[in-house]
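Enquirer: The lines below spell out each chain.
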Amino acid sequence: MTRTASSDQRVARQPPKLTGGSSSADALFRGTTLAASVFILVVLAAVAAFLLFRAIPAIAADKGNFLTTKIWDPDRSMVFGIAALAFGTVLSSILALVIAVPVAIGVALFIVEYAPPRLARLLGYAVDMLAAVPSVVYGLWAVYFLLKRMIPLQRFLADHFGWIPIFADPGNKAGQYSQSIFAASIILAVMILPIISAITREVIAQVDPAQREAALALGATRWEVIRTAVLPPSRPGITGGVMLGLGRALGETIAVALVIGSTFSVSWHILEPGGNTIAANIATRFGEAGSLGRSALIASGLVLFAITLSVNLAARAIIYRAGAVERSAAV
Amino acid sequence: MSISLIAAPAVSLRSRRLSSSVVLGYAAAAVVVTAALFAVTPLGGRVDFAMVAALAVIATIVVVSWRVEGRRRATNRLVTLGAALSFLLAMLPLVAVLGYTLSRGIKRLSPNFLTHSMAGVGPLDSGGGVYHSILGTVEQVGIASLVSVPLGLLVAIYITEYGRGRLAFSIRFFIDVMTGIPSIVAGLFIFAFWVLVLHRGFSGFAAALSLAILMLPVVVRSTEEMIRLVPNGLREASYALGIPRWRTIVSVVLPTALTGITTGIMLAVARVTGETAPLLLTASGNDFIHVNPFSGQQSALPLFVFQQTQSAFDVAIDRAWAGALTLILIVIALYVAARLLTRRNTLVRR
Amino acid sequence: MRLIQKGALAGLAAASLVTVAGCGSDNGTTQAASNSDSCVKGQIAGSGSTFQQNIEQQWIKDFAAKCSGAQINYQGTGSGAGIEQFAAGTIDFAGSDATMKPDEQAKADARCGSPALHIPVTVGGVAIMYNLKGVDSLNLSAKTLAGIFQGSIKTWNDPQIAADNPGATLPSTPIAAYHRSDGSGTTKVFSGFLETAAGSAWTLGSDKQLNWPGGQGAKGSDGVTAGVKQTDGAITYVELSFAKANNLPTAKVKGAGAEFVELTGQSVSDFLQSSFSIAGQGKDLAGKLEFTGTKGYPISTVSYVIVCAKSKDAAKANLVKAFLGYAVAEGQSSADSLGFAPLPAAIADKAKSTVNSLS
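Residue numbers (our numbering), protein chains in the order written: chain A, 1 to 331; chain B, 1 to 350; chain C, 1 to 359.
A few of these clues could be false.
Straight line, CA to CA, 27 Å or less: simulated DSSO-like cross-link-like pairs of lysine-lysine [what the hints assert, rightly or not]:
hint, chain 1, residue 1, chain 2, residue 2
1, C, 312, C, 101
2, C, 350, C, 316
3, B, 107, C, 229
4, C, 312, C, 283
5, C, 107, A, 63
6, C, 244, A, 148
7, B, 107, A, 148
8, A, 148, C, 154
Hint data in this document are derived by calculation from the structure and do not stem from the laboratory.
Please build the complete structure, drawing on both the sequences and the hints.
Expert: Now the structure itself:
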């Protein structure tokens, strides 16, 4: 009954014993796919090597502690550090996920499970259109349209939910400025929503209809069908979509650069003006940076690389755990 | 996760159900009560009203359903309303972004705008157009797709169909890591490699390479998820007919997953079509028509938009929004074309 | 059958692309170009300073109107990026708001195989632009500006602002101070001015980016302008063209002098005559800007073009020379309409002589 991805793969990987003579064509095809895969690893290694090559001299020249310093001043005092940037990057991406994932899954469920089939295709296209909007346009739209309209929302959150630490507004600035971690998270959430939603939609649309029918036949409500027959086999695919969205959020450059306030502080108060992310900082500082400044920015790119790596590791661990629990429960 | 849990007692075939007209009635009542509340208390604001009214409707329907239909159906209604609400919520930014871009961009969008470059246009002139940028974007994204789509498909096939053990795992893992490469770092890498090491100078091709780096992980990951969903029965049936494995993959697995794969590729194309940061370092931008992608500075639509917005003057800001509108329309056209192509080629659709 | 349909579609797409490719035109405006015999043809590329971008674009247009065979491409990528690309040999000239540092100069010299020269091409003021209901005219001294941008002056009716504006009625609106979140030559000029003129009241130093204690950062001149336009009580520092184009008022500023001075082309030239001096060796016109002058508008700056004294590519060198020759002479008349100021006569003469020496 439990159709986890791993059991699927095991079947898929069984070598086909009944196939006829063209084993050399098979070997060639397999070799080509392998070569492509290795090539990608080489490209990635080259990117990493390039980052390291440029980053190490910069980190060596740093007069502060690269990991804990919150200031970014490589060209003048040669003191710079990643702490505030890394914090802002992770915080804004996680907030974006918190906002986008439930909505994206809800949208996918609505399209596949609830909307009439004729309409579903059109609704799916409509959500995909969100992905058709380029990031520079999102950024400009935010600057000219969204930001000033967010001030009432920020004030509302600060007034009524200020007792939750992240919505606290000690400087009383939430009603005045709007370029903050919160603004960045919202724009990121809008940008990753179509990615997560599109993949989730495709994944749940592919669930074996027999499973749904079996659940329905047992008298399950629609939600029970989703909970028991649709979501479990879709979970690895949905996670894949979420990871893609997270990757996009961590690395998004121009749109974030346009809406974030660029201060170098570690603060949980997401409504306060300021905040910064690694990618946005590279984009805003690169044009006017001196030679050490540029290397320092590349070093920060390396850290983003490392953050992505560890976030992926953590996510894999979580999926693995969840998978294990699920399997034992099913037995 | 066993089905037996939900087959539990409460389902009685005679249990009372709420008819849709009753549900609508309760929803309307909730809205009216909210409106009354806003009229007599200091509460105000259209956005606040929409939020409170939505919550009131959901709460009313769920509570009524719980009392009449029982917990299970109430939960079902809650999820249904939640899903519908999510959809409306997702449409909100879409309508706002497209509407705003349309209203600001339509002013300058004209055949003349689409067929002229920015050559000889001064900062205060209202003329000029995006032709040179459209050309650059089409060439750059085209080359990036030619590089990354076949490569990405091959990698996805390897991971799902052949790869096992440590290598396949590490490829998957590093592909995930690759999704986190900030676009500007991809640009920096190509700038260092292509421009500084190989001394090839700025070109549309260099831009395309940096875009390909950004496209690859998206293509691989989405293709991988879609291939994984192809039922094994199809593969086994193909093997049983004596069809070799590679042909099974090419003619059974890929066509079955085609709509999903197309969605993934479109997401990737849409993403890189709007990338600005890597282009600044690789294509650099140009006000003139530059056809040859392999040498010389070239423009691109996102660069055009980005650069026009940096100006103080309204003529440039208008051009920027018209350029943004053009960019969105191109991506939408590509998307529709891809959908039309795949629809007639899909073997199995659920 | 299916393949045929697909092929037909692809063919259609290709055909339409070819059609589109055939109908584009570089003739963005309607005016016809007239070529004189002395015209230089060819293509050159420059990039760098965004401060210069508008006037470069104007020169390129006007120069091309004289010489239709000349294709000059200037991209505003930022001064630092321009200097790096110049050293890498990917562009023929760089625009920069600041002079090169020694290591940058060495790399640029190596690229040229001859000294890389700074040539001042345009000057301009940084406007203090604000948006405050009911206040159309405002005086601000350096110390008051330092207080506003460091967050110690929080409302518009602060006694310090009132002292600069005797007799004016100022509202109690909170001040929203916008600053550039990206690295910018404009920030460097503004902070350089405050460092000198506000003395100990300014503690953030002077650089292209600062460690701002408060206020709101926004990207680019367009970003801060959008912020100020949307917020009552907002203030920022920005190129004059943004204030003019958006119909926002600018403040009169008092630096080391005794008067509050309005930003005009003339007041910028006046200030630079006393505060700017050429420090470069030989034909290099790298200058030194001190904010100690008492005459004119005190937040003013000089923007350079960086070129090779002797270029390896003679054809390109000729075009660079002709273009810059136009820029530092006739080109200066475009300055006022774009929010720049003409080069003061003494600097313009030196610039002409350096341009003439290029080969």
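Enquirer: Could you run down the list of hints and mark each one as holding or not?
Expert: Quick rundown of the hints versus the structure:
Our distance criterion of 27 Å between C-alpha atoms is met by residue 312(C) and residue 101(C), whose separation comes to about 23 Å. With a CA separation close to 22 Å, the supplied pair residue 350(C) and residue 316(C) stays within the 27 Å bound. Proximity of residue 107(B) to residue 229(C) is assessed by CA-CA distance (about 22 Å); at most 27 Å being required, the pair is judged to hold. Distance hint between residue 312(C) and residue 283(C) is fulfilled; the C-alpha atoms sit about 18 Å from each other, no more than 27 Å.
Taking the CA atoms of residue 107(C) and residue 63(A), the gap is near 24 Å; set against the 27 Å cutoff, the hint holds. Distance hint between residue 244(C) and residue 148(A) is fulfilled; the C-alpha atoms sit about 22 Å from each other, no more than 27 Å. Between residue 107(B) and residue 148(A) the alpha-carbon distance is near 23 Å, which keeps this suggested pair within the 27 Å criterion. With a C-alpha separation of about 21 Å, the suggested pairing of residue 148(A) with residue 154(C) holds against the 27 Å cut-off.
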